[in-house]
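A.B. asks: Can you make the complete structure from the sequences, with help from the hints?
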Amino acid sequence: MFLSPALILFALYFVYPLGFVFATSTLDWNGISNARFVGLRNYLDNFQSRTFQISIRNNFIWVASLGFVQISLAALVAMILARQPRGWRFFRTVYFLPNVISQVAIAMMWAALYNAEYGAINQFLELLGLEHLTHNWLGEIGTALPSILIQQVFYIGYFMIIILASIMSIPESYYSAAQIDGANVLQQEIHITLPMIRPILVTAMTLAMAYGLRHFEATFLLTNGGPAHRTSVLGIQLYKMFSALDYGHANAIGGTLVIIGLVLIAVIRSTLGRHADASDMTQ
Amino acid sequence: MNGIAGTRLTFSDATAKVGKWLVLGFFFFFTFVPLIWLLLSSFKTNLELQMRPFALPAVWQIQNYVNAIQISGLPRLFLNSVVVSSVSTVLTLVVTSMAAFVFAREKFPLQQALLNVILAGVLVPIIALMAPYFRLTNALKLYDSLWALILTYTAINLPISTFLMHGFMKTIPKELEEAAVIDGASFFQRFSRVIFPLSRVGLVTAGTFVFLFGWNEFIYALLLTSRIQSRTLQLGIRFFVSQFFTDYTSMFAAIVLTIIPSIAVYVFLHEKIIKGLASGALKG
Chain A
1 MFLSPALILF ALYFVYPLGF VFATSTLDWN GISNARFVGL RNYLDNFQSR
51 TFQISIRNNF IWVASLGFVQ ISLAALVAMI LARQPRGWRF FRTVYFLPNV
101 ISQVAIAMMW AALYNAEYGA INQFLELLGL EHLTHNWLGE IGTALPSILI
151 QQVFYIGYFM IIILASIMSI PESYYSAAQI DGANVLQQEI HITLPMIRPI
201 LVTAMTLAMA YGLRHFEATF LLTNGGPAHR TSVLGIQLYK MFSALDYGHA
251 NAIGGTLVII GLVLIAVIRS TLGRHADASD MTQ
Chain B
1 MNGIAGTRLT FSDATAKVGK WLVLGFFFFF TFVPLIWLLL SSFKTNLELQ
51 MRPFALPAVW QIQNYVNAIQ ISGLPRLFLN SVVVSSVSTV LTLVVTSMAA
101 FVFAREKFPL QQALLNVILA GVLVPIIALM APYFRLTNAL KLYDSLWALI
151 LTYTAINLPI STFLMHGFMK TIPKELEEAA VIDGASFFQR FSRVIFPLSR
201 VGLVTAGTFV FLFGWNEFIY ALLLTSRIQS RTLQLGIRFF VSQFFTDYTS
251 MFAAIVLTII PSIAVYVFLH EKIIKGLASG ALKG
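Taken in sequence, the protein lines are chains A and B. Our numbering applies: residue 1 is where the first sequence begins, and numbers increase by one. Our numbering applies: residue 1 is where the second sequence begins, and numbers increase by one.
Some hints here could point you the wrong way.
To be verified - Taking lysine to any residue and the SDA-like style, the derived pairs with C-alpha atoms no more than 20 Å apart in a straight line are:
hint: 1; chain 1: B; residue 1: K141; chain 2: B; residue 2: Q229
hint: 2; chain 1: B; residue 1: K170; chain 2: A; residue 2: F2
hint: 3; chain 1: B; residue 1: K272; chain 2: A; residue 2: W88
To be verified - Quick partial rundown of chain B residues pointing at chain A, CB under 10 Å, derived from the structure:
hint: 4; residue: V102
hint: 5; residue: L151
hint: 6; residue: T154
hint: 7; residue: F218
Hints are computed from structural coordinates only; laboratory data are not their basis. The beta carbon of each residue, even a glycine, is placed where N, CA and C say it ideally should be.
C.D. replies: Here it is, written out as structure tokens:
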């Protein structure tokens, strides 16, 4: 009986919705009138649509940017801070700061920074006499997607903190032994730190990639997928299709998201997760 | 004395040092300067924003903040967010600590399978469930109410919170309950008198997570509400652009006001928050 509230909620909000998504993804349906079974037609339609293709490509750009670039940067900074340079606690606190502020507020701030009329970025370039480098950052096809990506990728705080904690739990004696053997800082990081933090890196990458797949807020608020769908992602497309009451195509996107998510996790586990067991023993 | 090796060492030391401080400086700049720009701009006139973007405000425009509160309806947004986040946190903790207790202590058929299915919920990209959540909320007659969000957030956090609570409860020694059983404690009393109080650390970890989720959630607040009265803070921010129109600096003031509570909490608790995250990471 202790279990029943959890089970009821889980059935209502996970089991039923997943079933609903996959079932209705095979229908031609506006949510109200009679539905018509169309098999996998909605999936085929989606994959042939130019906007969907751009969206799914952008999702993979997000997955790679967050999973590889953001995590690498976070690991680099964590390695620097783990050696406790002057003010490292202060840097750690500041880097994490954006993580306690909502994505929405952060996105609104960047909308202002990128703004072509009063935004600080263009004004700064003008101040340096670099007028030719100014852009309508979020409005131009060439700069829109990179602008939104940068705004997320360089906020490394969360992953930096968990990687830092993992590095700092490595026994000091490993490093002093390496030092006696004449290993320099770079060699120590490559041969001691990296193998030791491998499990946490895999976890962080999995999380970051999942965020890349689910990406929605910043794009919705900064460009809503524009200009010309160039910044669109699957979440944005799903929202637009759903708002247009196209349940079939919307839920086919939802189904695609769920499947890609599972495949992604399976791929990460099988390619990167292999050595996780050995290093678990040290904890 | 080996001159060459000595020089080489200092040279690479110097490069490494410069590189190190460049990296630290870059991320500091990226994280901090935009926030400071936003804060300073929120005290300027709109003309100053255009003409003197990097100067301090000539006169600190407190009026911007008065405008911000009047135009945006911030107090109501704020209150809604507090209610939604706290109630969903309490609900999640009650529901999942009960479930986690059963999973950690009782034996029944398919127990492990059931637990795994619930925990696998973490893997579902919640964004894919827009359509069913919308229909479910309508079917429950909750559309456009705070309860729509409270229930949705509670459910979304079920897997992660069960995971955290179950992981924590497994570490509590069984002997403590056995003593209580000898004293004649019932199943419910074992939970309410022994395990629940002992789970404080786990409850705080899971609670912080769920609260922050509710505080920052945007997509389902957008999808499941429509009236101004049921908007949360994050959803409200989205409408600032249309509410403030061309009064950018008052809009900045409104954004600053939405950020201040989080930063205030962070300033006081940052050591605890970072430590909590770090220890969670090592266990997971």
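A.B. asks: Against this structure, judge whether each hint is valid.
C.D. replies: Verification of the hints:
About 17 Å separates the Cα atoms of B:K141 and B:Q229, which keeps this hinted pair within 20 Å; it holds. For a cut-off of 20 Å, the pair hint linking B:K170 to A:F2 stands: about 17 Å separates their Cα positions. A C-alpha spacing of about 16 Å is found between B:K272 and A:W88, which places the hinted pair at or below 20 Å, so the restraint holds. At a threshold of 10 Å, the smallest CB-CB gap from B:V102 to chain A is about 5 Å, leaving the interface hint in force.
Taken as an interface hint, B:L151 checks out: its beta carbon lies about 8 Å from the nearest beta carbon of chain A, inside 10 Å. For B:T154, the interface hint holds, the least distance from its beta-carbon to any beta-carbon of chain A being 7 Å, beneath 10 Å. Contact between B:F218 and chain A, as hinted, is supported at the beta carbon level, the nearest pair being about 5 Å apart and thus within 10 Å.
The structure agrees with every numbered hint stated previously.
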